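Trainee: What follows is each chain in one-letter form.
Number of protein chains: 2
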Amino acid sequence: MPLGEEKNGACDRSIYVNNPHLESMTEDILYHFNLGTSTHDLPAMFGDVKFVCVGGSPWRMKSFTEYIAKELGLSEPNADYPNICAGTDRYAMYKVGPVLSVSHGMGIPSISIMLHELIKLLYHARCTDVTVVRIGTSGGIGLKPGTVVVTKQSVDSAFQPRLEQIILGKPVVRSTELDGELAEELLQCGKDLAEFETVIGNTMCTLDFYEGQARLDGAFCSYSEEDKQNYLAEAYAAGVRNIEMESSVFAAMCKLSNLRAAVVCVALLDRLKGDQLTSSHDVLNNYQQRPQVLVGHYIKKKLNASKKS
Amino acid sequence: MPLGEEKNGACDRSIYVNNPHLESMTEDILYHFNLGTSTHDLPAMFGDVKFVCVGGSPWRMKSFTEYIAKELGLSEPNADYPNICAGTDRYAMYKVGPVLSVSHGMGIPSISIMLHELIKLLYHARCTDVTVVRIGTSGGIGLKPGTVVVTKQSVDSAFQPRLEQIILGKPVVRSTELDGELAEELLQCGKDLAEFETVIGNTMCTLDFYEGQARLDGAFCSYSEEDKQNYLAEAYAAGVRNIEMESSVFAAMCKLSNLRAAVVCVALLDRLKGDQLTSSHDVLNNYQQRPQVLVGHYIKKKLNASKKS
Numbered sequence: 001m002p003l004g005e006e007k008n009g010a011c012d013r014s015i016y017v018n019n020p021h022l023e024s025m026t027e028d029i030l031y032h033f034n035l036g037t038s039t040h041d042l043p044a045m046f047g048d049v050k051f052v053c054v055g056g057s058p059w060r061m062k063s064f065t066e067y068i069a070k071e072l073g074l075s076e077p078n079a080d081y082p083n084i085c086a087g088t089d090r091y092a093m094y095k096v097g098p099v100l101s102v103s104h105g106m107g108i109p110s111i112s113i114m115l116h117e118l119i120k121l122l123y124h125a126r127c128t129d130v131t132v133v134r135i136g137t138s139g140g141i142g143l144k145p146g147t148v149v150v151t152k153q154s155v156d157s158a159f160q161p162r163l164e165q166i167i168l169g170k171p172v173v174r175s176t177e178l179d180g181e182l183a184e185e186l187l188q189c190g191k192d193l194a195e196f197e198t199v200i201g202n203t204m205c206t207l208d209f210y211e212g213q214a215r216l217d218g219a220f221c222s223y224s225e226e227d228k229q230n231y232l233a234e235a236y237a238a239g240v241r242n243i244e245m246e247s248s249v250f251a252a253m254c255k256l257s258n259l260r261a262a263v264v265c266v267a268l269l270d271r272l273k274g275d276q277l278t279s280s281h282d283v284l285n286n287y288q289q290r291p292q293v294l295v296g297h298y299i300k301k302k303l304n305a306s307k308k309s
Numbered sequence: 001m002p003l004g005e006e007k008n009g010a011c012d013r014s015i016y017v018n019n020p021h022l023e024s025m026t027e028d029i030l031y032h033f034n035l036g037t038s039t040h041d042l043p044a045m046f047g048d049v050k051f052v053c054v055g056g057s058p059w060r061m062k063s064f065t066e067y068i069a070k071e072l073g074l075s076e077p078n079a080d081y082p083n084i085c086a087g088t089d090r091y092a093m094y095k096v097g098p099v100l101s102v103s104h105g106m107g108i109p110s111i112s113i114m115l116h117e118l119i120k121l122l123y124h125a126r127c128t129d130v131t132v133v134r135i136g137t138s139g140g141i142g143l144k145p146g147t148v149v150v151t152k153q154s155v156d157s158a159f160q161p162r163l164e165q166i167i168l169g170k171p172v173v174r175s176t177e178l179d180g181e182l183a184e185e186l187l188q189c190g191k192d193l194a195e196f197e198t199v200i201g202n203t204m205c206t207l208d209f210y211e212g213q214a215r216l217d218g219a220f221c222s223y224s225e226e227d228k229q230n231y232l233a234e235a236y237a238a239g240v241r242n243i244e245m246e247s248s249v250f251a252a253m254c255k256l257s258n259l260r261a262a263v264v265c266v267a268l269l270d271r272l273k274g275d276q277l278t279s280s281h282d283v284l285n286n287y288q289q290r291p292q293v294l295v296g297h298y299i300k301k302k303l304n305a306s307k308k309s
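Note that the protein sequences, when read in sequence, are chains D and G. For what it's worth, the UniProt record's numbering labels the leading residue of the first sequence as 1, then goes sequentially. For what it's worth, the UniProt record's numbering labels the leading residue of the second sequence as 1, then goes sequentially.
The hints are simulated quantities; they were obtained by calculation from the structure and are not laboratory data. It should be emphasised that the depicted structure is a prediction, and the values quoted were computed from it without experimental measurement. Any given hint could turn out to be false.
Copies of the same chain are indistinguishable here, so a pair counts whether it falls within one copy or spans any two.
To be verified - Once the Cα atoms are required to be at most 25 Å apart in a straight line, the calculated SDA-like pairs of lysine to any residue come out as:
{"hint": "1", "residue 1": "K95", "residue 2": "W59"}
{"hint": "2", "residue 1": "K228", "residue 2": "Y16"}
{"hint": "3", "residue 1": "K301", "residue 2": "Y236"}
{"hint": "4", "residue 1": "K62", "residue 2": "L74"}
{"hint": "5", "residue 1": "K273", "residue 2": "L168"}
{"hint": "6", "residue 1": "K62", "residue 2": "H32"}
Using the sequences plus the hints, can you model the full thing?
Mentor: Rendered as structure tokens:
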């Protein structure tokens, strides 16, 4: 039931919530954002949002906001961007112009709580035509460290494009399909920039960083180096170019709510060559900025195009 | 393979890592803590740790450290407790005397990364006789808001005491058994204090806060109020008294590494009566301190007993 569907026949792409119970609630408290429909004027605060960038680390999402403000010519000298969710330490949220930047912590459950509340926020704020991009870090397979991967399909540990979601104790399978056109546009942005390598490939999403990603350096490990290499080779053969921990539920929830969505992650290391992050802080920091630069370029291009049209 | 096992026949309870690969590593980087065996003297920093308290929120873990310092008579006027993981925003870590306090974010994947690195940290630091307690928040079933639940068994969405962990693409089932004696001792602490209600019961651990816990207020909901009530009634009949998102992997990983472990969570609301957290900030804040007070009492009691013996 697309409660968010426009009734006026406009071609705006609306945000869907699929929950008939929301209509009967007099108030909706977005608890983990410390925001609510009674306490905040969500349409005034967020109605102009057209791009949402999400990433694990609150620091990175603040730095993205500073970066995009400068790129879009919206930054003022000594401007500080307050954390909109300052009353909680669960997530951090920043906004500049049409760009919202939100942290999501690590793993499927953490990003899923954030996305439930983000989708409701965008719905309550009556946003339209929103594009959401996850900008993150990942382990690469057969890639030079620092390569940026635009996700074609988010796949599970058996390399299938699906997410199993438990509802009332029963598994429900959801598609993790992403927007193919958007992925191609982002790949093109990487080529335009020519500052680092950008590739398109499948992204494996796991529930665990160590055993779930065949690492040999966790507290527990019951398999050999050879077992690890065989598993990663199978993943590579299935088109997997990087591994992270949020893309599947991100893809599934954005699809369910009619949000144009993409995943852009930098590979911090090549998992075929090792498991530990031994690059220097400065090198890793430079790598982490690459998805920001790529998505910043995309947003600028889109906004310039819409100004002209 | 219990690499951490004592060879001297002492009755100390050692931390096990179950990973033969660790021995051949010249350096171990605990990436998400921003600590490492080459860069930090882990035995000097952490060798005296006897209690580790973990919880989702970094703010709460700092406030627990301030509280326990006062309780144990270890606080100095104007003392500030620096975040040991200050170089990263993934987790926060504080220490006072024998008590380590670490945040873990939300959900199984987030706490699992932290626990892999915590277990290796305790192992590298050659700690012995460590007790780990998760102090958290949860949704209660049939409980008065503010009731503290000590977990008997951590169960999955089908009410079974197990965790399915994917390793190299294949499911492995692990036991989520906790230390029964420790749970009884913690329950007794609640009775000693008599400041709030404390009960023992099963805790359901889910991968999702909204659909996974039968909430009616997420962005998506495909079931009725009646379906929700039926599911929660089934959970109650299976002994479930609260629902949270970390206990199963916490129990499983502590068991695998020989750590005495318990889960103590306050119920912020009664899910039979609603889904949203409508209590005031002050009331919720008071509730969140209860697991800290209970576990603080337990630690004090144990340290006093060991001084006498």
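Trainee: Of the hints given before, which are not true for this structure?
Mentor: 3
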